[in-house]
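K.L.:
Using our numbering, you'd call the opening residue of the sequence shown number 6 and step up by one each time.
To be clear, the hints were calculated from the coordinates, so they are not data collected in a lab. Any given hint could turn out to be false.
[Stated by the list, open to error] Under the rule of at most 30 Å between Cα atoms (straight-line distance), these lysine-lysine pairs were calculated in the DSS-like manner:
(1) Lys79 with Lys113
(2) Lys98 with Lys113
(3) Lys119 with Lys79
(4) Lys75 with Lys119
(5) Lys122 with Lys75
(6) Lys43 with Lys113
(7) Lys79 with Lys43
(8) Lys79 with Lys98
(9) Lys75 with Lys113
(10) Lys98 with Lys43
(11) Lys75 with Lys98
(12) Lys122 with Lys79
(13) Lys119 with Lys98
(14) Lys43 with Lys119
[Said to hold, decoys possible] Label pairs and their calculated CB-CB ranges:
(15) Glu46 with Tyr83: 27 to 33 Å
(16) Thr76 with Asn35: 24 to 30 Å
(17) Asp121 with Lys43: 29 to 35 Å
(18) Pro41 with Ala131: 18 to 24 Å
(19) Ala131 with Pro68: 27 to 33 Å
(20) Thr101 with Thr76: 16 to 22 Å
(21) Thr76 with Ile31: 33 to 39 Å
(22) Lys43 with Lys122: 32 to 38 Å
(23) Ser61 with Glu91: 16 to 22 Å
(24) Glu49 with Arg71: 31 to 37 Å
(25) Asn97 with Leu77: 27 to 33 Å
Even for Gly, the Cβ is constructed at its ideal location relative to N, Cα and C.
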Amino acid sequence: MRKFILVLIMLLAIPILMSACSKSDIALVNDGDVLPDKICEDLESNVVIIHETGCSACAVSLPRIRGIEKTLRKTYQYVDLAIPQERDYMLNKSFTVLHVPTLFVNCKAYVGTKTDKEFMDILQNA
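Just need the whole structure built from these sequences, with the hints factored in.
P.N.:
See below:
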């Protein structure tokens, strides 16, 4: 009887604990998605680049983006997921990306590396 009660308690406790630990309010962002207004309004820049040190696609994309940033005389926000404080910044804003690099331009997600022209077309309207 004790084992039965223990098993019953465990079966009831697991779903409760899992629901308490899950972050269902975190938005998972894919290419072409637009961040919800609540999250968008909380960003510090209209251009946010999510990247990660060691990512080969990021190593190709970041110099292109920085070159365009300099050409357009703009300042963009960069979030490096390899740095715990920066990763926490993004999670505290209630979103995360599935792939890097991801650019948010006026809250729309652009995922992956692009040519200089593609990046320019995206960023010049920011």
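K.L.:
Next step is simple, just say for each hint if it's right about the structure.
P.N.:
Structure-based check of all given hints:
1. Lys79 with Lys113: holds (18 Å)
2. Lys98 with Lys113: With a Cα-Cα distance of about 15 Å, the restraint between Lys98 and Lys113 holds, given a limit of 30 Å.
3. Lys119 with Lys79: holds (19 Å)
4. Lys75 with Lys119: holds (17 Å)
5. Lys122 with Lys75: holds (15 Å)
6. Lys43 with Lys113: holds (14 Å)
7. Lys79 with Lys43: holds (24 Å)
8. Lys79 with Lys98: holds (23 Å)
9. Lys75 with Lys113: holds (22 Å)
10. Lys98 with Lys43: holds (9 Å)
11. Lys75 with Lys98: holds (27 Å)
12. Lys122 with Lys79: Roughly 17 Å between the alpha carbons, so the hint for Lys122 and Lys79 holds.
13. Lys119 with Lys98: Holds, because 26 Å separates the two Cα atoms, which is no more than 30 Å.
14. Lys43 with Lys119: At roughly 28 Å apart (the allowed maximum being 30 Å), Lys119 and Lys43 satisfy the hint.
15. Glu46 with Tyr83: 27 to 33 Å: violated (20 Å)
16. Thr76 with Asn35: 24 to 30 Å: holds (28 Å)
17. Asp121 with Lys43: 29 to 35 Å: Holds, at about 34 Å.
18. Pro41 with Ala131: 18 to 24 Å: Since the Cβ atoms of Pro41 and Ala131 sit about 19 Å apart, the hinted range of 18 to 24 Å holds.
19. Ala131 with Pro68: 27 to 33 Å: violated (18 Å)
20. Thr101 with Thr76: 16 to 22 Å: violated (30 Å)
21. Thr76 with Ile31: 33 to 39 Å: holds (34 Å)
22. Lys43 with Lys122: 32 to 38 Å: holds (33 Å)
23. Ser61 with Glu91: 16 to 22 Å: holds (19 Å)
24. Glu49 with Arg71: 31 to 37 Å: Given about 18 Å between the Cβ atoms, the range is violated.
25. Asn97 with Leu77: 27 to 33 Å: For Leu77 against Asn97, whose Cβ atoms are near 29 Å apart, the range 27 to 33 Å holds.
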